[in-house]
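*Asks:* For reference, the chains in residue letters:
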Amino acid sequence: MSFSYLFKRLIAIIPVLVIVSLITFSFIHLIPGDPAMALLGINATPAQINALRSEMGLDQPLVLQYFNWLLRTFQGDMGVSYLSGRSIFQSVIERLPHTLVLALLSIFLSVLIAIPSGIIAAARQNSISDRFVMLFSLIGVSVPSFWLGIMLVILFAVKLQWLPASGYVSIFEDFSQGIYYLILPTCSLAIVLAAVSARMMRASMLEILRQDYIRTARAKGLSRWASILKHGFKNSLIPVVTVIGINFGWLLGGTVVIETIFGIPGMGRLVIYSIMNRDYPMIQGVVLYMAVIYMLVNLLVDILVTALDSRIRY
Amino acid sequence: MTNLNRYRFYRSIKSNKLTLLGFAIIIILTVIALAAPFIAPFDPSDVHITERLKNPDLKYLMGTDEYGRDIFSRVIFGTRVSLQVSFLVTIISTVIGTVIGLWSGYFGGVSDFIIMRTIDGLMSFPALLLSLFIMAAFGSSTTNLILALSIVFIPNSARLTRNAVLTIRELEYVESSRACGAGTLRIMFDHILPNCIPPLIINSTVVFGYAILSEAALSFLGFGDSSISSWGAILSDGRDFIFQAPWISIYPGIAISIFVLGANLTGDGLRDILDPRMEKI
Numbered sequence: 523m524s525f526s527y528l529f530k531r532l533i534a535i536i537p538v539l540v541i542v543s544l545i546t547f548s549f550i551h552l553i554p555g556d557p558a559m560a561l562l563g564i565n566a567t568p569a570q571i572n573a574l575r576s577e578m579g580l581d582q583p584l585v586l587q588y589f590n591w592l593l594r595t596f597q598g599d600m601g602v603s604y605l606s607g608r609s610i611f612q613s614v615i616e617r618l619p620h621t622l623v624l625a626l627l628s629i630f631l632s633v634l635i636a637i638p639s640g641i642i643a644a645a646r647q648n649s650i651s652d653r654f655v656m657l658f659s660l661i662g663v664s665v666p667s668f669w670l671g672i673m674l675v676i677l678f679a680v681k682l683q684w685l686p687a688s689g690y691v692s693i694f695e696d697f698s699q700g701i702y703y704l705i706l707p708t709c710s711l712a713i714v715l716a717a718v719s720a721r722m723m724r725a726s727m728l729e730i731l732r733q734d735y736i737r738t739a740r741a742k743g744l745s746r747w748a749s750i751l752k753h754g755f756k757n758s759l760i761p762v763v764t765v766i767g768i769n770f771g772w773l774l775g776g777t778v779v780i781e782t783i784f785g786i787p788g789m790g791r792l793v794i795y796s797i798m799n800r801d802y803p804m805i806q807g808v809v810l811y812m813a814v815i816y817m818l819v820n821l822l823v824d825i826l827v828t829a830l831d832s833r834i835r836y
Numbered sequence: 267m268t269n270l271n272r273y274r275f276y277r278s279i280k281s282n283k284l285t286l287l288g289f290a291i292i293i294i295l296t297v298i299a300l301a302a303p304f305i306a307p308f309d310p311s312d313v314h315i316t317e318r319l320k321n322p323d324l325k326y327l328m329g330t331d332e333y334g335r336d337i338f339s340r341v342i343f344g345t346r347v348s349l350q351v352s353f354l355v356t357i358i359s360t361v362i363g364t365v366i367g368l369w370s371g372y373f374g375g376v377s378d379f380i381i382m383r384t385i386d387g388l389m390s391f392p393a394l395l396l397s398l399f400i401m402a403a404f405g406s407s408t409t410n411l412i413l414a415l416s417i418v419f420i421p422n423s424a425r426l427t428r429n430a431v432l433t434i435r436e437l438e439y440v441e442s443s444r445a446c447g448a449g450t451l452r453i454m455f456d457h458i459l460p461n462c463i464p465p466l467i468i469n470s471t472v473v474f475g476y477a478i479l480s481e482a483a484l485s486f487l488g489f490g491d492s493s494i495s496s497w498g499a500i501l502s503d504g505r506d507f508i509f510q511a512p513w514i515s516i517y518p519g520i521a522i523s524i525f526v527l528g529a530n531l532t533g534d535g536l537r538d539i540l541d542p543r544m545e546k547i
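First to last, the sequence lines map onto chains Y and E.
Mapping of the first sequence onto my numbering: residues 523 to 836, in sequence order.
Mapping of the second sequence onto my numbering: residues 267 to 547, in sequence order.
Derived from the structure by calculation, the hints contain no laboratory data.
We treat Cβ as the ideally placed atom computed from N, Cα and C, and that holds for glycine.
Treat the hints with caution; some may be incorrect.
[Claimed, not checked] Have a look at the derived ranges for each label pair, beta carbon to beta carbon:
#1 Y:Q733 - E:N321: 50 to 60 angstroms
#2 E:D323 - Y:I825: 37 to 47 angstroms
#3 Y:P568 - E:I294: 50 to 60 angstroms
#4 E:T316 - Y:E577: 48 to 58 angstroms
#5 Y:D696 - E:G488: 27 to 37 angstroms
#6 Y:E577 - E:G488: 22 to 32 angstroms
#7 E:E332 - Y:A534: 50 to 60 angstroms
#8 Y:P787 - E:F353: 36 to 46 angstroms
#9 Y:P568 - E:S492: 27 to 37 angstroms
#10 E:Q510 - Y:A534: 48 to 58 angstroms
[Said to hold, decoys possible] The calculated BS3-like cross-link candidates involving lysine-lysine, where the alpha carbons are at most 30 angstroms apart (straight line), are:
#11 Y:K756 - Y:K742
#12 Y:K742 - Y:K752
#13 E:K320 - Y:K681
#14 E:K325 - Y:K681
#15 Y:K756 - Y:K530
Assemble the whole structure, with the sequences as input and the hints as a guide.
*Replies:* As structure tokens, then:
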């Protein structure tokens, strides 16, 4: 893959980043009423409000405010939480690993389930295993992930008492304990994601199996499974990788609810907590970071797909 | 549509039993929502304090919650919220998105660039996060929930319409129409829009399903009107009583799943009928 292609992709992101930053910045100004008053509450005196306004730079023209905010953000200074007084950047950095671990583990588990299911369903089209996979994926796509989480808790924590209902230990501190607490939250997200991915895998595999180059491989004497796995597999992964990329946004949204249910100290819970407590600067900061992460993941997926697809050469 | 086409359409719907099932689910749930006061045995906010946290039995088909409210009645009335929100979100986002997509695709140029980058920007936010963001700014009520979710789903139909417009705009019969003196609006409505409709219909079913799930998630998290018995709110109430009264958490989720299943089955079937070239996903 040529460097100029990568460069072009990075350049293409910039206008979108600008829009994302504009949307995030405008947040505090969309709140009905004065932002400073919203932060201080109704009991604030006019003097306090004015002081906060000049401190926040709200008396400057909007464009200037935006550029100041942008500059500070680039330097990593997203401001301070109006609740705790702690640096927003610091809070995000602390919580980011927990959310990422949950997200990545969910993707990993979902892929583990979806890819073999999709391949088998495609290879044995219209058989019992195919119908089973299709049924599973149809139900999986219709079920709310947070409800699935609650159901899993009822089954495994309440009735069987095999796993904890909530709680969290970081895997960086104690790996086995961490995994123990992560099983149910991960499964809640992974099952739904697997349902989507399995459908995609099956569809793309079916398409591939119809191709001439598979027939050629078989004609040359390759066994059925060898021709599927050796030649078809890499190409059938492309739509799956794309689907996972698109659904990463869904995943980030899903972690918000799952973290709330299971008490995981990640970015999702931070967002909810900030919204409940009207910590507007924090909301701005976390949402911006999550949007940027999502954009980077999509970029990564694009590059990965280009690398996988042997027909595209840049 | 000619009579033959109409006949073929109904035949193909009938032949796909799953699609029919999906459609039936949506119809039945709509009827339940409309007839809620007549179907529900109790008023959903009626408190029966002496019978709180009861197991499901013949009187309280799905048990009671911590205030003694009948869960079955609450689930029935919850159908109204889900239906209302999802229908409105689907219609609003599709209409606005289509208009934006038509404009952007047909006129092109700078406005197209700006509109598309804004759409990309909106799509760069995870859907739930964006709706939380909007509700955090404007306050949490059912109206704002509908507004927020509509904004979240506008990019889908906008992109779809724009792509369709780009394809059709250059076709010869559009050119000849223009040569005959047809104005912009006429071309849009007579030629371009009819070709956008099949993918838009399919997209609508997808948006419908996601709207139900998103509304449930947002209500579960505590946003949206807390006085209404939406399914997400019931699930949220049930969380504190997972050990003593798991039924509060079971039934609303089943309702949500059935509703979304209906939307997905209908969408799958419509995809088969309207666009058989599209890969069966």
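*Asks:* Just pull the numbers of the violated hints for me, sorted ascending.
*Replies:* Failing hint: just 2.
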